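Colleague: One-letter residues, chain by chain:
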Amino acid sequence: DTEVTQTPKHLVMGMTNKKSLKCEQHMGHRAMYWYKQKAKKPPELMFVYSYEKLSINESVPSRFSPECPNSSLLNLHLHALQPEDSALYLCASSQRTGNNSPLHFGNGTRLTVT
Amino acid sequence: QKEVEQDPGPLSVPEGAIVSLNCTYSNSAFQYFMWYRQYSRKGPELLMYTYSSGNKEDGRFTAQVDKSSKYISLFIRDSQPSDSATYLCAMSDPSGGYNKLIFGAGTRLAVHP
Chain Y
12 DTEVTQTPKH LVMGMTNKKS LKCEQHMGHR AMYWYKQKAK KPPELMFVYS
62 YEKLSINESV PSRFSPECPN SSLLNLHLHA LQPEDSALYL CASSQRTGNN
112 SPLHFGNGTR LTVT
Chain H
1161 QKEVEQDPGP LSVPEGAIVS LNCTYSNSAF QYFMWYRQYS RKGPELLMYT
1211 YSSGNKEDGR FTAQVDKSSK YISLFIRDSQ PSDSATYLCA MSDPSGGYNK
1261 LIFGAGTRLA VHP
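Residue numbers (my numbering), protein chains in the order written: chain Y, 12 to 125; chain H, 1161 to 1273.
I should point out that these hints are in silico values taken from the structure, not numbers from a laboratory.
Misleading hints may appear alongside valid ones.
[What the hints assert, rightly or not] If we take Cβ atoms under 7 Å as the criterion, some of the chain H residues that face chain Y in the derived model are:
#, residue
1, M1194
2, K1202
3, L1206
4, Y1209
5, N1259
6, G1266
[What the hints assert, rightly or not] DMTMM-like, lysine to aspartate or glutamate: derived pairs with alpha carbons at most 25 Å apart:
#, chain 1, residue 1, chain 2, residue 2
7, Y, K49, H, E1205
8, Y, K52, Y, E63
9, Y, K52, H, D1243
10, Y, K47, H, D1253
Given the structure is predicted, the values throughout are model-derived calculations rather than measurements.
Where a beta carbon is used, it is the ideal one built from N, C-alpha and C, also for glycine.
Full structure from sequences and hints, please.
Modeller: Okay, here's the thing in structure tokens:
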């Protein structure tokens, strides 16, 4: 089992719903990430948090809203999503954001927007 | 041209075979090189993490980096059906000032008994 835990594992939501994805790590890592992965494609970076502050937003639409309540938790709030937003959403963490710190991924939340 | 090229496969081999997975890259600034294994419906799992040119071995897995040729490889010895997965190479790009990973497309591997 991975040391990065994501809940829920599966989520089906309508386009008018509001839902949240949750991620937790207890490795003492100070950088956390959200990635989106479509079928048979590599992960695409969405957001980077460093020491609980948002440091990178890869031009993600505002219907995705990240939040980092503390150094162990990362949330992704979803609102008014589109069917094309259906994907596997992956959380990852690393000791820091320096490029000599490998990422550790969770198993993701498989999101279906109807 | 993509920054990282990886043959998507699928690659099908018999159990016990030696598997070679490869990626080429164009940006000489890439510093760290990783291999991730991703099973169906799971997240990517870090397999190997290297910095310098040369070989790094971990059990049945060997990662090879050749910075002069901009080429990295992952070798799997005595392949098992449990090795069937998608293998993603990834490289860290320091230009963004953060841990920006550039992934290859992923190679699907099937090891049949």
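Colleague: A separate judgement is required for each hint: does it hold in the structure or not?
Modeller: Hint check:
1. Taken as an interface hint, M1194 of chain H checks out: its beta carbon lies about 6 Å from the nearest beta carbon of chain Y, inside 7 Å.
2. For K1202 of chain H, the suggested interface contact is upheld, since its CB lies about 5 Å from the closest CB of chain Y, less than 7 Å.
3. Annotation: interface hint on L1206 of chain H holds; nearest CB of chain Y at approximately 6 Å, less than 7 Å.
4. Evaluation of the Y1209 of chain H hint against chain Y yields a held restraint, the C-beta minimum of about 5 Å falling below 7 Å.
5. With a least beta-carbon distance of about 5 Å to chain Y, the hint placing N1259 of chain H at the interface is held under the 7 Å criterion.
6. A cut of 7 Å between beta carbons decides the hint on G1266 of chain H: the least distance to chain Y is about 6 Å, and the hint holds.
7. Restraint check for K49 of chain Y and E1205 of chain H: satisfied, since their Cα atoms lie roughly 17 Å apart, inside the 25 Å limit.
8. Only pairs whose Cα atoms come within 25 Å are accepted, and K52 of chain Y paired with E63 of chain Y is rejected, the gap being roughly 28 Å.
9. Between K52 of chain Y and D1243 of chain H the CA atoms are separated by roughly 19 Å; this keeps the pair inside 25 Å, and the hint holds.
10. Using a Cα cut-off of 25 Å, the hinted pair K47 of chain Y and D1253 of chain H holds, with the two alpha carbons roughly 19 Å apart.
Going down the numbered hints, you'll see the structure goes against just number 8.
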